[in-house]
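Asker: Line by line, the protein sequences are chains A and B.
Read in order, the letters of the first sequence are residues 1 to 292 in full-length UniProt numbering.
Read in order, the letters of the second sequence are residues 1 to 319 in full-length UniProt numbering.
One thing to keep in mind: the hints can contain errors.
[Said to hold, decoys possible] Mimicking SDA-like on lysine to any residue, the simulated pairs with C-alpha atoms at most 20 Å apart in a straight line are: (1) Lys119/A <-> Lys24/B; (2) Lys292/B <-> Phe314/B; (3) Lys121/B <-> Pro195/A; (4) Lys131/B <-> Gly191/A; (5) Lys237/B <-> Ala255/B; (6) Lys24/B <-> Trp120/A; (7) Lys119/A <-> Pro25/B; (8) Lys119/A <-> Glu65/B; (9) Lys121/B <-> Val200/A; (10) Lys121/B <-> Arg193/A; (11) Lys292/B <-> Ala318/B; (12) Lys121/B <-> Gly191/A; (13) Lys119/A <-> Gly18/B; (14) Lys119/A <-> Arg26/B; (15) Lys119/A <-> Glu16/B; (16) Lys237/B <-> Arg217/B; (17) Lys269/B <-> Asp212/B; (18) Lys121/B <-> Leu197/A; (19) Lys119/A <-> Tyr15/B; (20) Lys119/A <-> Glu27/B; (21) Lys237/B <-> Glu37/B.
No lab work stands behind these hints, which were simulated from the structure alone.
Small disclaimer: the values here were computed from a predicted structure and weren't measured.
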Amino acid sequence: MSVALRQGPLGEFWYYFRENRGAVIGLWVFAAFAFVALFAPLLAPYDPTQQFRQSVLLPPAWIAGGDWAFPLGTDPLGRDMLSRLIHGARYSFFVGIVVVVVAASGGILLGLIAGFAPKWLDSLIMRLMDVILAFPSLLLALVLVAILGPSLTNAMIAIALVLQPHYVRLTRASVLSERTRDYVVSARVAGARLPRLMFVTVLPNCLAPIIVQAALSFSTAILDAAALGFLGMGAQPPTPEWGTMLAEAREFILRAWWVVTFPGVAILVTVLAINLMGDGLRDALDPKLKRS
Amino acid sequence: MTAPVLMAEGLSRVYEIGGGLFGKPREIRALSDVSFEIARGRTLAVVGESGCGKSTLARVVTMIEPPSAGRFAIDGAEVTPARWAGLRDAVQIVFQDPYGSLNPRQRISAILDEPLRINRKALSRAEREAKVREVMALVGLRPEFHDRYPHMFSGGQRQRIAIARALMLEPRVLVLDEPVSALDLSVQSQILNLLMELQERLGLTYLFISHDLSVVRHVCDEVMVMYLGRAVETGAKAQVFDHPRHPYTRALLSATPLADPARRKERIKLTGELPSPLNIPAGCAFAARCWKAAPRCRAERPPLEGAGHRVACFFPEAG
Chain A
1 MSVALRQGPL GEFWYYFREN RGAVIGLWVF AAFAFVALFA PLLAPYDPTQ
51 QFRQSVLLPP AWIAGGDWAF PLGTDPLGRD MLSRLIHGAR YSFFVGIVVV
101 VVAASGGILL GLIAGFAPKW LDSLIMRLMD VILAFPSLLL ALVLVAILGP
151 SLTNAMIAIA LVLQPHYVRL TRASVLSERT RDYVVSARVA GARLPRLMFV
201 TVLPNCLAPI IVQAALSFST AILDAAALGF LGMGAQPPTP EWGTMLAEAR
251 EFILRAWWVV TFPGVAILVT VLAINLMGDG LRDALDPKLK RS
Chain B
1 MTAPVLMAEG LSRVYEIGGG LFGKPREIRA LSDVSFEIAR GRTLAVVGES
51 GCGKSTLARV VTMIEPPSAG RFAIDGAEVT PARWAGLRDA VQIVFQDPYG
101 SLNPRQRISA ILDEPLRINR KALSRAEREA KVREVMALVG LRPEFHDRYP
151 HMFSGGQRQR IAIARALMLE PRVLVLDEPV SALDLSVQSQ ILNLLMELQE
201 RLGLTYLFIS HDLSVVRHVC DEVMVMYLGR AVETGAKAQV FDHPRHPYTR
251 ALLSATPLAD PARRKERIKL TGELPSPLNI PAGCAFAARC WKAAPRCRAE
301 RPPLEGAGHR VACFFPEAG
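Excised from the complex, chain A in its bound form:
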């Protein structure tokens, strides 16, 4: 304990994070995922939309009939699966980041306002969020995309809107518990006005649960984007987005298992890794769960 305390906040965080084996594994997988997404054009052997007409629906290389030129086989249009998966990581990562940033910044702002506002405005914001939460999230996202028109950008907007209420509630709850503490009162006595109280005094003390929520909703965003893609409401072909790839290959499930299995496994592994990492974050950042 004393060792952990002397290393500053970051060292302390790592001390607690390290305890959770799954979280560390998740972190490494997530790091690999981020690396692949960042350097996709350098890592992928081919262009993700390039078609090899002479090798359509080739099985993975280690199976009879496979070719080491296409390690994970090819899809019905003769495109290299590996290249498409690597580029797909890019889209998933992009979706995750954009959705989390939009949902978190909007949600934190609304939550702060709700936490500090007079009762009527607080009730108004929270009831509005309750209405959004009352819809099944994917269904609401579907409706929104149907209104906005199917594209990856609109899918991201829809998912961000659906995920936002969680941030609002989380932020408001933390703000309400922090707001009455003496250090906030003394900032007021020092003359701090509302914006300063909200962003400089209170917000940094509410961040721990929000960071955990951000990590966990990163995976929700990827999953929802894949689901929307699968339903034809997300990224449009020929974009190598994992969910869209699944949808395109649906009819070949029985004939060529690899065209659906690999994108599915990619989604599964990424989401699982991020969730494990998020759990570790929660353990490390939530003071109530800390062993002392």
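Here the structure of chain A is known, so what remains is to put chain B in place on it, guided by the hints.
Answerer: Here is chain B on its own, set in the frame of chain A:
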């Protein structure tokens, strides 16, 4: 006697609770009709058990909440919510709990710099830094604490930091809301001595809120005893401590341990509880617990009367 720095007249504070959408809100009278004056460089102690309105008084005087009725003035300047911003640097507060009153995410330098950054916009960064270091030295904090976080300090050092923050704007009045009751006994005396030294050196005026009579006896010049939001006895320290006139004051004093076996007195034990501030009795609030209560006490409220040493009781002890 110099003109009072802080003058309050009939201060009251009423909270509304409950109500909701349909219910009628109920009133809590946390503070009713409190008046006092404090001269420059003096200390007024406010004592009473928990729930008697001491902290509400602190919050009103520190301009955290407006009074529901009554008025108060600092150096002759009437305080109204519209003028709060300009009067911030006249009154500052030190809270009871040094673990809750410092922002855990800010360094000591940032905590001490904040009042200057907000209220002294003309100062440059270097001037503010110099001022922070000066005040740190004043309250006995070592210069190397400058960049540390609050969680690295003990309770006593945190309270020094809280005092330093209160002093940053060079206030005339310092409200001390039980500044030592969360501290160890050995640290208490250090902090009290620091406060008295600062008062002498900077000419500060203290409103010292406490339930600990031995601490109050040590620091104050004048005493105000409160019961259920009202002052029941006020006067100079010697008068109140040596010749208490209100039965409640006598009971409080008899409950304080004395380090003098020869002066052992019999202890007055109070039965019953503080009445609920939601439902304040018509007469004297203390009547239900008082051994001298007469029918008149339950019907009428005794006014705070007397010259200098004032008491709100129909049957005061002989001064």
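Asker: A separate judgement is required for each hint: does it hold in the structure or not?
Answerer: Now the hints, each set against the structure:
For a cut-off of 20 Å, the pair hint linking Lys119/A to Lys24/B stands: about 16 Å separates their Cα positions. Distance restraint check for Lys292/B and Phe314/B: the Cα-Cα separation of roughly 10 Å lies within the 20 Å cut-off, and the hinted pair is therefore satisfied. Distance check on the hinted pair: Lys121/B and Pro195/A sit about 17 Å apart at the alpha-carbon level, within 20 Å; holds. Using a Cα cut-off of 20 Å, the hinted pair Lys131/B and Gly191/A holds, with the two alpha carbons roughly 18 Å apart.
Restraint check for Lys237/B and Ala255/B: the C-alpha separation of about 17 Å stays at or below 20 Å, so the hint holds. Proposed proximity of Lys24/B and Trp120/A is supported: the alpha carbons are some 17 Å apart, at most 20 Å. A hinted pair counts as satisfied when its Cα atoms are at most 20 Å apart, and Lys119/A with Pro25/B qualifies at roughly 15 Å. Pair hint Lys119/A plus Glu65/B holds up; C-alpha atoms about 18 Å apart against a cutoff of 20 Å.
The hinted pair formed by Lys121/B and Val200/A meets the criterion: a straight-line CA distance of about 17 Å does not exceed 20 Å. With a C-alpha separation of about 14 Å, the suggested pairing of Lys121/B with Arg193/A holds against the 20 Å cut-off. For the proposed pair Lys292/B and Ala318/B, the alpha carbon gap of about 14 Å is at most 20 Å, so the pair holds. A hinted pair counts as satisfied when its Cα atoms are at most 20 Å apart, and Lys121/B with Gly191/A qualifies at roughly 12 Å.
A threshold of 20 Å between alpha carbons decides the hint, and for Lys119/A with Gly18/B the separation of about 13 Å falls inside it, so the pair holds. With a CA separation close to 17 Å, the supplied pair Lys119/A and Arg26/B stays within the 20 Å bound. A threshold of 20 Å between alpha carbons decides the hint, and for Lys119/A with Glu16/B the separation of about 14 Å falls inside it, so the pair holds. A distance of roughly 7 Å separates the Cα atoms of Lys237/B and Arg217/B; the hinted pair therefore holds under the 20 Å criterion.
For the hint linking Lys269/B to Asp212/B, the alpha-carbon distance of about 17 Å falls within 20 Å, and the restraint holds. A hinted pair counts as satisfied when its Cα atoms are at most 20 Å apart, and Lys121/B with Leu197/A qualifies at roughly 18 Å. Straight-line distance between C-alpha atoms of Lys119/A and Tyr15/B comes to about 16 Å, which keeps the hinted pair within the 20 Å bound. Annotation: proposed proximity of Lys119/A to Glu27/B holds, straight-line Cα distance about 18 Å (limit 20 Å).
At most 20 Å may separate the alpha-carbon atoms for a hinted pair to count; Lys237/B and Glu37/B meet this at roughly 14 Å.
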